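Got chain X sorted already, so can you dock chain B onto it with the hints?
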Amino acid sequence: MADPFSGDSARKKSDFVAEVVNHTLHDLVIRCTKTEEVRNYYHVSVIGYGRHVGSCFAGPLSARNIVPIAEVADYPLQVKSSYKRVADGAGGWVEIPVRYPVWIHPASDGKTPMCEALARAKDILQGWLLQHPRGFPPTVLHLTDGESSDGDPNEIGRQIMSLGTDDGAVLLFNCHISTRRSAKIEYPTEESSLPDGFARSLFEISSKLPSNFLAAAAQLGVNAVESSRGFVFNGDPSSIVQFYEIGTSLTGMTPYRWMDDRTETA
Amino acid sequence: MSSVKQSVNLDLQLRQLLLPKLGQEVSECEDVIAVDTEKCRFAVADGATEAFDARKWAERLAQQWVRRESTLTPEEFRSWVAEEGRELHDWWNGLNLSWYAETKARAGSFAAFVGVELDLKSELPCWKAIALGDTCLLHRRGDVLVKSLPLARSDSFNNAPILVASNSALHENSMKSVVSDSGKCESGDVLLLMSDAVASWYLQCFENEDLAAEDYFFTRPDNELIEFFDQERLAGRIRNDDLAIVRIEIKERSMG
Chain X
1 MADPFSGDSA
11 RKKSDFVAEV
21 VNHTLHDLVI
31 RCTKTEEVRN
41 YYHVSVIGYG
51 RHVGSCFAGP
61 LSARNIVPIA
71 EVADYPLQVK
81 SSYKRVADGA
91 GGWVEIPVRY
101 PVWIHPASDG
111 KTPMCEALAR
121 AKDILQGWLL
131 QHPRGFPPTV
141 LHLTDGESSD
151 GDPNEIGRQI
161 MSLGTDDGAV
171 LLFNCHISTR
181 RSAKIEYPTE
191 ESSLPDGFAR
201 SLFEISSKLP
211 SNFLAAAAQL
221 GVNAVESSRG
231 FVFNGDPSSI
241 VQFYEIGTSL
251 TGMTPYRWMD
261 DRTETA
Chain B
267 MSSVKQSVNL
277 DLQLRQLLLP
287 KLGQEVSECE
297 DVIAVDTEKC
307 RFAVADGATE
317 AFDARKWAER
327 LAQQWVRRES
337 TLTPEEFRSW
347 VAEEGRELHD
357 WWNGLNLSWY
367 AETKARAGSF
377 AAFVGVELDL
387 KSELPCWKAI
397 ALGDTCLLHR
407 RGDVLVKSLP
417 LARSDSFNNA
427 PILVASNSAL
437 HENSMKSVVS
447 DSGKCESGDV
457 LLLMSDAVAS
467 WYLQCFENED
477 LAAEDYFFTR
487 PDNELIEFFD
497 QERLAGRIRN
507 DDLAIVRIEI
517 KERSMG
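If you read the sequences in order, they're chains X and B.
Quick note on our numbering: the first sequence kicks off at 1 and runs consecutively.
Quick note on our numbering: the second sequence kicks off at 267 and runs consecutively.
Don't read these hints as lab results, they were simulated from the structure.
One should not assume that every hint holds.
Calculated lysine to any residue pairs in the SDA-like style (CA-CA distance at most 20 Å, straight line) [to be verified]: (1) X:K84 x B:L436; (2) B:K322 x X:E36; (3) X:K80 x B:N359; (4) X:K80 x B:R372; (5) X:K84 x B:R372; (6) B:K442 x B:T337; (7) X:K208 x X:G168; (8) X:K34 x X:V44; (9) X:K84 x B:T369; (10) X:K34 x B:P286; (11) X:K34 x B:S293; (12) B:K287 x X:C32; (13) B:K305 x B:K387; (14) X:K34 x B:E325; (15) X:K208 x X:Q219; (16) B:K305 x B:E515; (17) X:K34 x B:V292.
Just so you have them, the derived chain B footprint on chain X, three or more residues with Cβ under 8 Å [unchecked claim]: (18) 31 to 44; (19) 72 to 86.
Quantities reported herein were computed from a predicted structural model and do not represent experimental measurements.
Just so you know, even glycine gets a beta-carbon here, dropped at the ideal spot from N, CA and C.
Excised from the complex, chain X in its bound form (with noise of 0.2 Å):
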């Protein structure tokens, strides 16, 4: 993740992915936001590994592995002012302030215990669903930029997809990013498309799109059909973007396009 993506030598994968999760974080709590309140609708954990493996939280909210969507929001670890483009109503456009949360800071250090990483998701979402077996159930969005460093995680990926709630199993999308100039292959529907057995192994722990997250590709202009799994290998970084647009489509709702409007960050 301290590589730059190719074509892209300014920026390290590390701190792209971490500008789309405090976006994606930013998004849902919006979504959450009835005038001044803010929503339990969601229950949010942000797992990272490398040298470490455990919750990326930083701030009041540190060494959470699981936060109610409301806390999210009263408990970034800084607010930074931006600037948005957005119409001026008469033809033009303005830029105006805007206030932007950070959750969590890159990091990029260590090896890819992704079986160690995976064990823990399943940890957490064994006792989210104790506590909540008649939820929507939960979706993993898994992102990695290598191989496993400790063994297979096919079994764990198994496992994970088994635990459900009684509205439905349990959601694992994964996203494998490169600093290859491969060919990017984004949400496939048979395995003998995929270059190699690390490939295929992730795409044999990625579950079917719904309707819902089919949906949402439809609206990114997103090529994915009902037998989809929600898998990107290979992927640049708008396939980050429009994976965590798609995978945290629940509602139907219009995917944020935080991308589109932003224009400087300060």
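Chain B alone, transformed into the frame defined by chain X:
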């Protein structure tokens, strides 16, 4: 139920019902009814649940509109909404909001709106209405639905109606969908202003030629009426949403 004398020949009989979603308090209801019997203007607005301060925007639209003169053409409506939106955004800008409320307020609020003005004093009594979104005006004469606007069929309702936006940047586009219309009034006519869930249900009753519900509606006391609509929502025949109904019956004025 109230009676408002309007002309030598015609009276109005008015009935209103406002119910929050099942399981919610009245204070959470985002449907608003406004009535000005002197001006003979009636309005229903339905604030969008996901929007910022939706009830306040719906209240502002309905209550300010019935107090005004005219505002019955799309052009008048457009400039009036722009002014109301600016005032509301100025007020929000003066509040000390959290980052998320500030973000939400900047996007603004949204509401469906329908307003009707009756002129029963002229030789040709009539109504004029303006609407945007999925709150509806329905004009019934006996067993005939004379008009329904802005939507005319129960299957025309969906989850993404074009609404009245408080944000001026969004409001120009939505204003292209404003509907204005008028019609003649006769003794015995019934005009209904309804928010989306109950309007959809009512149109379906017409499509199924099942008008018993309407007969039930205006003959029962409030407690039975509320129970009726609660049961309809529990049974899923009406979506569990806020309900707003203004029923205006035009009658021959009783002499003496």
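Hints, verified against the model:
{"no.": "1", "hint": "X:K84 x B:L436", "verdict": "holds (16 Å)"}
{"no.": "2", "hint": "B:K322 x X:E36", "verdict": "holds (13 Å)"}
{"no.": "3", "hint": "X:K80 x B:N359", "verdict": "holds (19 Å)"}
{"no.": "4", "hint": "X:K80 x B:R372", "verdict": "holds (17 Å)"}
{"no.": "5", "hint": "X:K84 x B:R372", "verdict": "holds (11 Å)"}
{"no.": "6", "hint": "B:K442 x B:T337", "verdict": "holds (16 Å)"}
{"no.": "7", "hint": "X:K208 x X:G168", "verdict": "holds (12 Å)"}
{"no.": "8", "hint": "X:K34 x X:V44", "verdict": "holds (18 Å)"}
{"no.": "9", "hint": "X:K84 x B:T369", "verdict": "holds (11 Å)"}
{"no.": "10", "hint": "X:K34 x B:P286", "verdict": "holds (17 Å)"}
{"no.": "11", "hint": "X:K34 x B:S293", "verdict": "holds (14 Å)"}
{"no.": "12", "hint": "B:K287 x X:C32", "verdict": "holds (19 Å)"}
{"no.": "13", "hint": "B:K305 x B:K387", "verdict": "holds (12 Å)"}
{"no.": "14", "hint": "X:K34 x B:E325", "verdict": "holds (17 Å)"}
{"no.": "15", "hint": "X:K208 x X:Q219", "verdict": "holds (18 Å)"}
{"no.": "16", "hint": "B:K305 x B:E515", "verdict": "holds (16 Å)"}
{"no.": "17", "hint": "X:K34 x B:V292", "verdict": "holds (16 Å)"}
{"no.": "18", "hint": "31 to 44", "verdict": "holds (count 6)"}
{"no.": "19", "hint": "72 to 86", "verdict": "holds (count 5)"}
In terms of the numbered hints stated before, the structure departs from none.
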